[in-house]
Amino acid sequence: KLHDDLEKYYVNNIDFSKIPQIKESIIEDFLSFKTN
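For the sequence shown, my numbering assigns the number 269 to the initial residue and increments by one for each residue that follows.
Since the hints were derived computationally from the structure, they do not count as laboratory data.
Take the hints with a grain of salt, since some may be wrong.
[To be verified] Derived pair list, reagent style DSS-like, types lysine-lysine, alpha-carbon separation capped at 27 Å: (1) Lys276 / Lys291; (2) Lys302 / Lys291; (3) Lys302 / Lys276.
Remember, it's a predicted structure, so these values are computed and weren't measured experimentally.
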């Protein structure tokens, strides 16, 4: 639940098209979160 809220926060507050590096780091964090 908490992670879903964080994901919504990122989606709502970051323009990924302007900062793709941040999108990549979020995806990496998310993948490592799901793996662990």
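Okay, the hints, checked on the actual structure:
1. For the proposed pair Lys276 and Lys291, the alpha carbon gap of about 13 Å is at most 27 Å, so the pair holds.
2. Proximity of Lys302 to Lys291 is assessed by CA-CA distance (about 16 Å); at most 27 Å being required, the pair is judged to hold.
3. With a C-alpha separation of about 16 Å, the suggested pair Lys302 and Lys276 falls inside the 27 Å cut-off, and the hint holds.
The structure meets every hint from the earlier list without exception.
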